[in-house]
Amino acid sequence: AQSVTQPDIHITVSEGASLELRCNYSYGATPYLFWYVQSPGQGLQLLLKYFSGDTLVQGIKGFEAEFKRSQSSFNLRKPSVHWSDAAEYFCAVGRKNAGNMLTFGGGTRLMVKP
Amino acid sequence: DGGITQSPKYLFRKEGQNVTLSCEQNLNHDAMYWYRQDPGQGLRLIYYSQIVNDFQKGDIAEGYSVSREKKESFPLTVTSAQKNPTAFYLCASSLGLAEETQYFGPGTRLLVL
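Protein chains in written order, with this note's numbering: chain A, -16 to 97; chain B, 3 to 115.
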């Protein structure tokens, strides 16, 4: 069965610092991979997705992620964090052979220090 | 504006009561989904529907029921059999199946009185 692990439950960074959120997955084939962001009490917004091709994908709000097959990872990065980036971030893997169902990681809550 | 609406924003359930959460989309999407979110556990799939009049159980369907009589609507009923219903419920939709991005509604928070 597929699974997604986000090892860091909470991360605190200073505004202007770089950010990397980790995501590891377990899946038997090349997965579809997603990063979503959630503000408190709100729904999820898609940041970026990987289906195939270039393993470095660009998303909205200055985020990017790199798919590394050898490490089963899809880490999210941003070179300079803004206070408005404080939110919860979810990595998800799509199950190709079961419709479009997503398996989500447990999430990483990002706090930004001024 | 196109999007997904969920109502109500907050819902209170008494013991032994069934409650229904609404999800409507005007994106002309074929597929719709219901997720449950608990703190520290991410999102878990309850039910999904690929087309009208068809739906499938997800990972945690026990104590829940759904219907899909219209393309735009996918209501979720939390039955009295669901012993721990307190959670944040999120509805999503997508154009179809594989490779399609899921778009999420704003969520409904269900609390037990």
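Worth flagging that the hints you see were computed from the coordinates, not collected in a lab.
Some hints could be false.
Cross-link-like lysine-lysine pairs, in silico, DSS-like; alpha carbons within 27 Å at most [said to hold, decoys possible]:
| # | chain 1 | residue 1 | chain 2 | residue 2 |
| --- | --- | --- | --- | --- |
| 1 | B | Lys59 | B | Lys85 |
| 2 | B | Lys11 | B | Lys73 |
| 3 | B | Lys59 | B | Lys16 |
| 4 | A | Lys32 | B | Lys59 |
| 5 | B | Lys73 | A | Lys32 |
Since the model is a prediction, treat every value here as computed from it, not as a measurement.
Hint check:
{"no.": "1", "hint": "B:Lys59 - B:Lys85", "verdict": "holds, 18 Å"}
{"no.": "2", "hint": "B:Lys11 - B:Lys73", "verdict": "holds, 22 Å"}
{"no.": "3", "hint": "B:Lys59 - B:Lys16", "verdict": "holds, 25 Å"}
{"no.": "4", "hint": "A:Lys32 - B:Lys59", "verdict": "holds, 25 Å"}
{"no.": "5", "hint": "B:Lys73 - A:Lys32", "verdict": "holds, 26 Å"}
Checked against the numbered hints given earlier, this structure breaks none of them.
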